[in-house]
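Here is how the chains run, residue by residue.
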Amino acid sequence: MKKLSKLLGVSILSVGCLLSLPAKAQEVELPSTINWTIPFGVGGGTDVWARFVAPHLTKNLPGNPTVVIKNQPGGGSITGTNLFFQRAKSNGEDILGTSASTLYPFMLGDKRVRYNFDKWIPLLASPTGGVVYVQPDLGVSSADDIKKLDGVTLPFGSQSPTGLELPVFLAFEMLGLDIKPVFGMKSRGEGRLAFERGEAKIDFQTSSAYLSSALDLVNNQKAVPLFSLGILNNQGKIVRDPAFADLPTFEEVYFKKFGKQPEGLEYTAYKKFLAAGFAFQKVIFIPADTPSDIINAYQMSIRKMLKDPAFIQDSEVQVGPYENIVGIDAAQYLSEAITVSPELYTWISSWLKSKFDYTL
Amino acid sequence: MIEFLSALDQILSITHLTYLIAGVLVGLVVGIIPGLGGIAGMSLLLPFLYGMEPSVGLGMLMGLVAVIPTGDTFTSVLMGIPGSSSSQATVMDGFPLAKKGQAARALSAAFLSSMIGGVVGAIVLSVFILVARPVVLAFSSAELFMLTLLGLSVVAALSGGNVYKGLAACGFGLLIGAIGGAPATGEFRFTMDIDYLYDGIPLVVVGLGIFALPEIISLLVKNSAIASSPNKLGHGLRQGFKDVFANLPLVGKSSIFGSLIGAIPGLGGSVVDWMTYSFAINSSKDSSQFGKGDIRGVIAPESANNACASGSMIPTILFGVPGSGAAAVFLGGMLLLGIQPGVSMISTHLDLTYTIIWSLALANILGALFCICFTRPISLLTYIKFSVLTPIILTLILFAAYQATRSLGDFIFLGVVAALGVMMKGANWPRPAFLIGFVLSSGAENYFFQSIQFYGYEWFLRPGVIAIAALIIVGFVLPPILKRRKQKMKPEPLAQDKEQNSMANTVSWTDWGIIAVMGGSATYALINIWDASTLTKAFPIIAITIVLFSIVMIVSKYIREKHTKVSSDLAMNMVYIVGFFAIAYGYYLFGFISTTFVFSFLFLKYLAKASYVQSTAIAIGLVVFLVTMGRVMNVDFPEGLFDPYLLSTIKSFI
Chain A
8 MKKLSKLLGV SILSVGCLLS LPAKAQEVEL PSTINWTIPF GVGGGTDVWA RFVAPHLTKN
68 LPGNPTVVIK NQPGGGSITG TNLFFQRAKS NGEDILGTSA STLYPFMLGD KRVRYNFDKW
128 IPLLASPTGG VVYVQPDLGV SSADDIKKLD GVTLPFGSQS PTGLELPVFL AFEMLGLDIK
188 PVFGMKSRGE GRLAFERGEA KIDFQTSSAY LSSALDLVNN QKAVPLFSLG ILNNQGKIVR
248 DPAFADLPTF EEVYFKKFGK QPEGLEYTAY KKFLAAGFAF QKVIFIPADT PSDIINAYQM
308 SIRKMLKDPA FIQDSEVQVG PYENIVGIDA AQYLSEAITV SPELYTWISS WLKSKFDYTL
Chain B
12 MIEFLSALDQ ILSITHLTYL IAGVLVGLVV GIIPGLGGIA GMSLLLPFLY GMEPSVGLGM
72 LMGLVAVIPT GDTFTSVLMG IPGSSSSQAT VMDGFPLAKK GQAARALSAA FLSSMIGGVV
132 GAIVLSVFIL VARPVVLAFS SAELFMLTLL GLSVVAALSG GNVYKGLAAC GFGLLIGAIG
192 GAPATGEFRF TMDIDYLYDG IPLVVVGLGI FALPEIISLL VKNSAIASSP NKLGHGLRQG
252 FKDVFANLPL VGKSSIFGSL IGAIPGLGGS VVDWMTYSFA INSSKDSSQF GKGDIRGVIA
312 PESANNACAS GSMIPTILFG VPGSGAAAVF LGGMLLLGIQ PGVSMISTHL DLTYTIIWSL
372 ALANILGALF CICFTRPISL LTYIKFSVLT PIILTLILFA AYQATRSLGD FIFLGVVAAL
432 GVMMKGANWP RPAFLIGFVL SSGAENYFFQ SIQFYGYEWF LRPGVIAIAA LIIVGFVLPP
492 ILKRRKQKMK PEPLAQDKEQ NSMANTVSWT DWGIIAVMGG SATYALINIW DASTLTKAFP
552 IIAITIVLFS IVMIVSKYIR EKHTKVSSDL AMNMVYIVGF FAIAYGYYLF GFISTTFVFS
612 FLFLKYLAKA SYVQSTAIAI GLVVFLVTMG RVMNVDFPEG LFDPYLLSTI KSFI
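Protein chains in written order, with the numbering used here: chain A, 8 to 367; chain B, 12 to 665.
Don't take each hint at face value.
Unchecked claim - Using 25 Å as the maximum straight-line C-alpha spacing, the simulated SDA-like pairs for lysine to any residue come out as follows:
| hint | chain 1 | residue 1 | chain 2 | residue 2 |
| --- | --- | --- | --- | --- |
| 1 | A | Lys-229 | B | Ser-355 |
| 2 | A | Lys-96 | B | Leu-652 |
| 3 | A | Lys-229 | B | Ile-492 |
| 4 | B | Lys-573 | B | Ile-492 |
Unchecked claim - Stretch-level coverage of chain A by chain B, calculated; a stretch enters the list once three of its residues show a Cβ under 8 Å from a Cβ in chain B:
| hint | stretch |
| --- | --- |
| 5 | 44-51 |
| 6 | 75-83 |
| 7 | 187-197 |
| 8 | 200-207 |
| 9 | 219-230 |
| 10 | 359-367 |
No lab work stands behind these hints, which were simulated from the structure alone.
Small disclaimer: the values here were computed from a predicted structure and weren't measured.
In this text, a Cβ means the ideal position worked out from N, Cα and C, and glycines have one as well.
Excised from the complex, chain A in its bound form (with noise of 0.2 Å):
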């Protein structure tokens, strides 16, 4: 099918070419249809959000390409994303949309991985926040009591330890919580569900899942929101999360209750990991080689629909109060956010092994 549409594509390309030389000049030439790889299944967060996503690109886009979203699920996006690093064309048909899990077993050295980021660039980063809330019976009533938390055993239901969960649990052990994950939820909404049975003491939830389904715990009592992950500022600063005013970050309860800033391979791995997995949450990439006017044509695109209002109104909704990152800024701090040094490396494979006897 794709070869079809390439087929199809390049001789429309060459006959505009013959026909109207002059016209060519002017608007760089997408291919009709875009071919969106989504390694997740179907209604995931991550597909949901592309969703949203390709009808704002398919209007600011020139000439009005038809964005399909192609799912191809498996090995948590590993297999999606491999495959489109060896099969994806450079010719603006083939674009990717990736996850913190796409990000992660790359920082984590999976060896099932076959990509690297050298080949593609970021053309749209998504930020996410997230915040942690425990259960009333705790007693705790906001960050000021977390003193009350120590000594008490928290069960926490997680998806596993190298998930978009790795770094609050490094947020958890910093600040001295003891928590016990209890591992093989399928998603983070089971993971929640598991909260509202009382089975776990704890629970995080990123932005968009926290305003819909946990604000209402909160609302209700159920359940007491302690701190926010916090986003990363342009300077590269973590500082409050613009949908969580009100809650402190994990650096400001860490400051409460120790009485100075995180610091440490500890901290260092915490940053990296928050970088990639909640600053780039959400990321399209194109190849590299892709020719450059193409590439040029998808920047000026992506900055106009940042733009536009109806996709801002959208973003609000579906994604948060949260501002996108493009361009050459976006390329240079996921580079950043993903490399991770030799020494970082052995620390969390080292921690990993110790905490969940997890085998990197």
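Keeping the supplied structure of chain A fixed, place chain B upon it in accordance with the hints.
Just chain B now, kept in the frame of chain A:
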């Protein structure tokens, strides 16, 4: 109440009805074509969905999701291919009925049961959703574990005369299901460094391999029509309806059971059909015809699977946790329409919830009516000589398997599982037991560890756990035992029992082959897993123990009691399995569409001895079907060497 009626008013508007019917039609197509599932339907409806009025969009989505378990009955009954994971049990008796020439009867009974099941599910949903929240929350990991045990206990009823064969098959299913990431630690097991195995073998591939391919191969060996004995087709349709009305209590029980199981997130719809199937066996006085074409074996799972699809809306709408694959698609659609699941769906958005429920009921009725209209003409297919249908069915199976992960591994493991399936079919080992073990494997392991971690070892004292344990014993374990005892008490055993007894005491090389495969795999697995961490290896070791113990019991029985040796005539079947591998690789290497054309034509012309016109027509028909699927539903095929050229040629003709 006002919301309830205003929602009815709403769905009866022309706009709403039009979109609902569109959704139903797409859902039927998606259901009829095996392996597609909601994904393909979603990509077809999505361009319309965006920016739609939420209630209309929800109606359309509901139409799609609700009728998938209705449409999938066609291939289950007519070809022995489970159209989706929720109609695997339908194959057990549906296909034998088709073989008896009663396809129309089986189908019409199935559609009517689906309709009733769906409507009952909608009624249960409309009442239950208002109070469901605490009930759903009462099902903790401990109760969910007990429910997986409830599912597993079904094996007792399904293993026919030989409990140890059933146990061995079930244990082997549990072991195969343990391939991939361990839920409690995230570590990978038994992957043998094959990327494909990291996610485990997909259910679609296992289902097709264990049921569909062995049936097809045995029909090919016989080379007759599917319907081997002619039947008065004229009575088929009406007979099916009569069967349903004669078994209304079964329909009712299965529907209510199905919708309640669907309402509990985590268990999924893929076992509810087996549960109700064994329920039908246990509750019937004469269960000798099950598996050979008993209409109750169609009615029970078909009532349950539509009801289950309705029930699975409860966790989806209330908690945003989808209970099944189709529900996940529906949830994605809800989010795209800008509707957030949660408590607000029964407070501020109650009208939307009732729109969903009314659409659900209406879609079930419409879907079943559409299907019933097509039943007569389509069931005539079973009278065609089977070899003519073979290329079509094989293409459908490969198509379905490839949709699982879109890699060569889908074909390879389909063949591997099919080899096991052929042996199990040949030596009369209970294949459903294997499948149930496979389906419930990850749930059983996951919920077991979760309940220990959340509650310690006191979890089995929870009232819910005790209640389900009682249900297991009363509902599933006792009936087969009592029944057997009753049969033994009878002074004069029926002729059938005698036959069964003599059947039970046979042994063939195929039996030894299965024992060798299972024993060998289990031993390999044991050595392989020995050094892993405790939480990673505990569950596989339980599965391995079940397999090895049952095998020892079977073998010792062979030694202790006298068994008649029967010859195994599987040589021909195995030739077909090898042939399957060759052909499947051809589909992958040369291109799916090109190979479909060439293979179908050659097979029909030279093996099935069809005419040139017939062969060409079927081959071209298949290509048109595949190209259309590719274009309309964005389905991918292996491109191989020739497909790109073929497609560009086709393009130049259009």
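Comparing the hints with the structure gives:
1. A C-alpha spacing of about 16 Å is found between A:Lys-229 and B:Ser-355, which places the hinted pair at or below 25 Å, so the restraint holds.
2. For the hint pairing A:Lys-96 with B:Leu-652, the CA-to-CA distance comes to about 18 Å; that is within 25 Å, so the pair holds.
3. Distance restraint check for A:Lys-229 and B:Ile-492: the Cα-Cα separation of roughly 47 Å exceeds the 25 Å cut-off, and the hinted pair is therefore not satisfied.
4. As the CA atoms of B:Lys-573 and B:Ile-492 are separated by approximately 24 Å, the hinted pair is consistent with the 25 Å bound.
5. Here's how the stretch 44-51 of chain A fares: 4 of its residues keep a CB closer than 8 Å to some CB of chain B, so the rule of at least three is met and the hint holds.
6. Counting residues of the stretch 75-83 of chain A whose beta-carbon sits less than 8 Å from any beta-carbon of chain B gives 8, enough to reach three: the coverage restraint holds.
7. Requiring three or more residues with a Cβ within less than 8 Å of a Cβ of chain B, the coverage given for the stretch 187-197 of chain A holds, as 7 such residues are present.
8. Counting residues of the stretch 200-207 of chain A whose CB falls under 8 Å from any CB of chain B gives 6; the rule of at least 3 is met.
9. Coverage of the stretch 219-230 of chain A by chain B holds in this model, with 3 residues showing a Cβ closer than 8 Å to a Cβ of that chain against a need of three.
10. Three residues within the 8 Å Cβ limit are the bar, and the stretch 359-367 of chain A against chain B gives 4, so the coverage statement holds.
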